[in-house]
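Model the placement of chain P on the given structure of chain R, informed by the hints.
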Amino acid sequence: MSSRGRQLAGTVLCGLSMAWASPEVSRAEGAASLEYPVKAAFLLNFAKFTEWPPDSPQAVAESVSICVFGDDPFGLALDKTVEGRLVGGRPIVLRRYRSLADVEPCHVLFIAKPESERLPLVFARLGGQPVITVGESEGFTRRGGVIELSVENNRARFEINLRVAERLGLGLSSRLLAVARNFATSTEGH
Amino acid sequence: MMFGERADLQAASVFGKVCLALGNSTRRARGPAGRCGLGRQVNAARFAKRLRGSVAAALVLAFGAESTWAQQAPDTLADLTLEELTEIQLVSASSKRLQNPREAPSVVSVVTAVEIRQHGYRTLGDILRTLPGFSVTSDRNYTYLGVRGLGLPGDYNTRILLLVDGVRTNDNVYSEAFVAHEFVIDPDLIERVEVSRGPGASVYGDNAFFAVVNVVTRRGGEFDGGRISAAGASFGTWSGQVTYGRKTAGGLEFLASGTVLDSSGQTLTFPEFSATNGGVVAGADTEHVARAFASVGYEGFTFQAAHNERRKGIPTASYGTIFGDPRSRTRDELTLLSARYERALGLRLDFSSRVSFGAYDYHGVYPYEVEPSRSAINTDGASGRWWGAEASGTFRAGDHTLLFGGEYQGSLRQRQHSEYVDYPLPGFVVDNRDQRFGLYAQDDIRVGPRVRLSLGARFDHYDDVGGQANPRLGLIVAANKATTLKLLYGSAFRTPNEYEQHYYPLTHPDLEAETIKTLEAVVERSLGAHTRVVGSVFGNRIRQLIVLHSTEAEDLFFQNHDDVDALGAELALEAQFRGRATGRMSYSFQRARTDGAQSLPNSPRHMLKANVAVPIAGDRLWAGADAQYVSSRQTPAGTTTPGFAVANLTLSARRLSRALEASASVYNLFDTRYSDPASEEHLQATILQDGRSFRLRLAWSF
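Keeping their order, the protein sequence lines are chains R and P. Residues 1149 to 1338 in this note's numbering are what the first sequence lists, from first letter to last. Residues 4 to 705 in this note's numbering are what the second sequence lists, from first letter to last.
In isolation and in its complexed conformation, chain P is listed as follows:
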C-alpha cells in the first residue's frame, strides 16, 4: 500500500474536492477517479436505494443431469457383461473439476464443439446466452452475465466460477469471469462447455454462487495436423487463426494455436450526447484481440499455457469522459499456466493434482476535460498475480463413491492504481496479498436400486473473511424407467474481492462474504431414446449481497446490504438424434424480491430460447439456428427497456473438398433493435446493441 489507511482517506477527500471542480466527471467502477462523486453519483445513491427495496434472482433448469447409478469397480472389464460395460463412467471423478458425473447433485448443460461450429458462436457469451436462465448484456466495453435473474449492471461477473479444464480463471482483483473476447480460450479450441447451475461451493469454493462453467479444451490428437482459418465479418472485422496439433505414436500429445482479431467497430449515435457532434461517434468502437494457447500431454501429465490480450475502444463516454474521444480504451490481459498430473491407483482410487499460476492486468485510459479546452488523461489499472495448488482423489467402494480434496491459492500481487498523466491531481496505489485454502469431500451413495444420495461439504478459510462452510445434499430417485426425481439443497458464498474491499477508502474493512441458499426440485423424463424433458422449480435465499453505496457527500463505498429472495421455474426440452438433427428449447421464469418490492435492474422475468441444427446435405452441410426472447428489464435509471427476440442463422459446410470447410452466419437475422440496461457509469440508461451482421469463414486443414 502506498498510502496508509488514513492517508488514503485524506487523499480521497482531497481528490473528491478536485473532482467537484471537474464538473460532470467521474465515478469509475474500475478506477479511483471514482473516489469523487458527482453527477452520476446521485444516480448511484438512487440505485442503492432501489436495490434496498428490490429484487434479484432466478431461474433455472436444465439439461443433462446425471445418472451415475452404477459406478462399477470391476477387477477386469473383460469379465463384465455388455450391459454392465455400457453403465461404466468412462471418465471418473479423478479429474475433480473436469466431469459432470461427479456433480450429480446439480443441473448440468453441455454445449459441444459440434454445436459451436454449427451455430457459429463467436464467444463464450454467445454459447451461454442460449442456455436456460442465462442472459448476456454488453455496454460496448465489457460483456456481462446475468444468471437466475441476478445481473446487476456494473457487476463484473463475480457470481460465476469460470474454469478452463478445471483451472480457475476468475482473477484475484475483480474476481471477474470474462465471457467475450476478453476470455482466454478461443471458441474453436473448445471441446465442450459444461455449465452446472446452482451453488457449487461445496466442491469449488469462492464464486461458485449461481453456476460453475467449465470450459474443456480440445486436444492435439483431434486436429492431427494443422488448420488455418480466416474470417471476415460486419463492422470491419477480420480474424485469423493458426492451429497445429498432434498425438505421436509414443503417446505425446500437443497443441499450439494463435488467434488475432481486429475490428474497426461501428459508427454509433447516442442521443444523450446530441450536443456534441450530433451524438455521433466514429472510430471509437474498435477491438483488437491477440490470443495464444498451448498444451502438452503425456500419459497422465498435462501442461497448459493460455494468454489473451484484448484492447477495446470505449464509444460510450462512460465515467464522464470526453464524448467521441478515441483515446478512451481499456486493455485486459489474462495469462494462465497450469500443470496437472492424474493417475489411477488401481481400479478403485483415482488421484489428481495440479499447480497453476495466473496473471491479470487491466489498463484503462480515460480522457477528461479538466479545464475548459484542456484535457488530461487518467490512467487506471489493476495487476493481479496468483498461484494455486490442488490435490483430489476419488475412491470407489461398494455403494460409495467418495471424492475428497484440498486447495490452496496465494496472491503474489493485487495492485490497483490510478493517476493523471501530466496533470496535478493525486493518484493512489493499493496492493495486498491474500491467501485462501479449502478442504472438501463428497460421497455419492447408492441407497438402493432406485435411490441415490449425495452428501458433500467444503470448508474454506480466507484471510479477510475467515471460515466458510458450505454443504450440498442431493436425493435422486429413479421413479421408473423414464423418470428421475431430484431434490437438491446447497449453499454457496462469495468473498468480497480486492476491488470491493480496498478500492474505495470508505468501504468498511469488515466487509463480509455474501451467501446464497438454494433449494431445487427437478423432474426429468425421457420421451423415447432421443428426447428428454426437464422441469425444475427453485428458491434462492441470498443474504448480505455486496452492493455499492454512496454517502451523502456522494463518496462511494461497498457494503453488505441487500437480502434477496427469489423463486423460479424452468421447463426444457432436448432432442438429439446423433449425427442427424439436434434441438433444444427452454422457458424460464424468475421472480426475485427484496422486502416485497419491485424487480431488480436487468432482471428479465421471462426467457424463451430455442436451438435447432439440421443437416441439409448429408453430413456436409448443416443449418444451425438459434433464437432467444428476453422480457422487459428495468434500467438502473428507473426506466424500462422493452423485451426483445433475436435470431441467428449459420450454414456450415464440412469437407467442401478434402481439407476445406466454410461457414456463413447471420447474427440478429431480423435486425431487431434492442438495448441492454447500462450501469451507473453511463449517462445512457440503455446501450443499443448490434443490428443484423454477417460473418464468413473459411478453414483449411493440412
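Bound-form chain R, shown alone:
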C-alpha cells in the first residue's frame, strides 16, 4: 500500500510538521466556521501569486475576475475578502454562474461541489484557456483541475496539479508551491 500510495502521491513537499494526515472535518459547522472565509482568502492569494500568459485575455483584462460556478458556499465571505483589494493594481470583480452556458474564462474559477460531477463539460467550456480552476471535491486535481482545496485536521489545505497548470501556461509563484500540500500530477484534464 505505501509504495503504491507514494508513487501516486507524486512529489511530496510541504510537511507542515504538526499536521498529520487526518480525515476531513465536515463542512461548515454553523456560523462559527472559518472554513469558507479562509478558502475565500486562498482564492484571493491564488490570483495574487499567478502570472497569466502575456498574450492571454486574462493578462490584459482591466480587472481580475474571481468566479463561482454552482451553489455558492462562500456566502458573503468572498465579497468581504475582496472588498477594496487590488491584484497587480487591478480591481477584483466577482461573478457567480448558475448555469454552465454562462461560465466565462475568469482568472480564478471556483467550481462548487455538485458541479464537479460535470467537470469534463466545464473544462470543455473553458476550451484550454488559462483559468485557475479551483474545486473541493475529492480527486479534483486528478481529474484535471488546477487546485484542489481540502480540509485536514481542521485546517485548510490545497493541492496543485502542476502538469495542468503548465499546460495552461499559468505561472504559479514559488510562494504558492511552497505552501501547497503536494503537487498532484495528472495526465487527464483540460
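If you are wondering where the hints come from, they were derived from the structure by calculation, not from laboratory data. Each hint should be verified, as a subset may be incorrect.
Stated by the list, open to error - In silico contact screen, one side only, chain P against chain R (beta carbon under 7 Å); selected entries:
hint, residue
1, Leu80
2, Ala81
3, Leu348
As the list claims (entries may be wrong) - Stretch-level coverage of chain R by chain P, calculated; a stretch enters the list once three of its residues show a Cβ under 8 Å from a Cβ in chain P:
hint, segment
4, 1183-1192
5, 1222-1234
No experiment lies behind these values; they were computed from the predicted model shown. Positions of the beta carbon are idealized from the N, C-alpha and C atoms, including for glycine.
Frame of chain R, contents of chain P only:
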C-alpha cells in the same frame, strides 16, 4: 414511587420467596424479577468475590492528537500569508462538543464517512471495534463496549459518553450508550466519529470516564438530492433506506431520512440447553429496526430530531426464561430532539447554546415457567424523559484560547417497573426526578513557540451524590518538526445511575460516584507527510467502582466496592494518502489489578488491529479490509474463552453509472469460530458469535 422504601423492601422479600418457588429463575439486570435470587445468583456472589480480587483496565493510544498551535485571531484573513492561513483552525471551539481541537489534551481517533463506506460498517460498534483499546461484545440481545480493558459483562456501556452532534445520548435510567442497531443514528448518516480517549469529565461531566465518542451527522447539502438504498444480508436480513437532503440558495439546509431493517436471525444451538429440543432454538434471534432522522439548519441555527426503535428476540434464555420461547424479546426506543444556535461575536469570541430533550423506553417480555406446564409473562420496563440546556463560549486573546460553559439536565421521568401478566406475583414501580448542573472552563496557553499548556476543570452538582470537581492538565511540547510529546493528566467520575440506585431495594441510598485518575504520556512522530506513528503509556487508578453484589440470602444490590489499578501501552501507525490509499494499525496492551489478583472478566490483555483501504480501479472501485485480534478473556463463570482474529472485506463501487453505487461485504471472512464472555444472567459461560456472513447493497441517487 409506588411503594415507600420500607414497603418496597417487604415486597421484594415476598417476591424473593415466590421466586424460590419458581425454581431456576430469575435475576434480571433489567428487571425486578432480579429481586429474587436463585441459581444464577450463586454465580453472582462468586462474581462479586472475584471482582474484589481482580482487575480491570486498559490501554490506549491513538491517532490524531491535535496540533492547535497557532490560533490566530486576525482582523482580516485576507491580510494573512498563505502559511498563516493554513494554520487557522477552521472550526473553532465555539461548538464546544463538536471539535477535537478544543480537546488538545487527549488522544483522538476519527473515523469518517469515507471509511464507513469503504469498510461496510453496519453499526457504530463495527466502527469502534477497529480502534485501539476498544473491544465490542454481544450476547445476542445487546452489544457492549469494553474500553481500556474494562468491559465487565452485564455492564451497560455506562463509562463511555456517547454524543450525537454534541448532544448526550446516554439515557437517564441506565445511562447507557447504545452502539449497535439500538443506536439512534444510521451509519450512512454519519459524517465522522470522533473518539477521544481518556477522562473527559473536565469538559463533559458524567459518564466521560474512559472515552467520549461524538458522532457528527451529515448535512443536507452533502446529499443535494435523494438517495435510496437497499441491502440484503445473511441470516434473512433486509434493510432499506430513503434519504433526501438539500441546501437551498437561500442558505436553508435540511435532511430527512428513514431506515428499516428486518432480520430473521439464525437457528442456534446451545449445548447448555441440550435437554430441551437438543439445545436448538429457531426463530428467536429476530431483529427489527425502524429509524428516522431529520435536521434543519439555517445560518447558525440547527434543529435535529432522531428516533430509533429496535426490537430483538432473545435466543439465549437469559434470566432463566423458558428456552426456545419466541416470546422472549426486548424493545428499546430512543428519541432525541435538539435545537442549537451558534454564532461568532467578532473574530475573538464564539458563542454556542443548545436545548435538548431525550426520551428512552425499554420494554422486555420474559416468559417463565411458573408452575409445571404453566408459563407466565413477566414484563419489565423503564421509561426516561429528560431535558437539558447548555451555553458555552470560546474566547481567543493573545496566547490564550479560553473555553467556558455551563450545563443543566433535569429529569422529567425515571421510571422502572416490572409485573407479571395474569399471574399473582407482585410487581413494582419506582420513579424519580434528578437534576444536575455543571460549570467548566479550559484555557489553552501558548507558553512558547514549542510549548503549549492546557488547563481545564469542571464542577458538577448532582442531587444524589453532591459535588464533583475534575481537572485536566496537558503539557504539549513540539520536540522538533516531526515529533510531539504530550503529558496528560485528568480525572473523571460516573454517578450511580437510576437503575443502580433504585432498582434493587437493598442498595444503600448513599451509593457514591466512582472515580478514575489517568496519567498518560504520548509521543507522536510524523514519518513524511502521510504517515504518523503514535506511542502511548498510561496508568489508570479507579476507585469506588460500582459493582453488583449479593447478600447471603442471594438478594442483589449495588455497592461501591472495587479499586482497580491498570497500566497499558499502545502503539499505532497511520498512513493516509488522500484519495489513494489509507491504512492504520495498532497494538494495545493492558493489565489491570485489584489487590494484585487475577484479571477481570472480559479483559483481553493484547489487541492487534489493522485497517487498509485501496483503490482497485481509479476512484470508482475500492477494497476495504480490516482485521482484529483479541487475546483470551475470562468469563464471569471462571472459564477462559480463547483469543481470536476476525477479518472483514468490502468491495465498494461508486458511480457505477451516473447515480448508482454498490458494495459487497464479507464479514468474518475466514469463518472464525469465537465466543464472547456472557454476563451472569446467562446459563452459558460464553455466547457464540456470527460466522462468515455476506451483505450486498445498492444505492441510487436522484
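Hints numbered earlier in the text: which of these fail when held up against the supplied structure? Violated: hint 3 alone.
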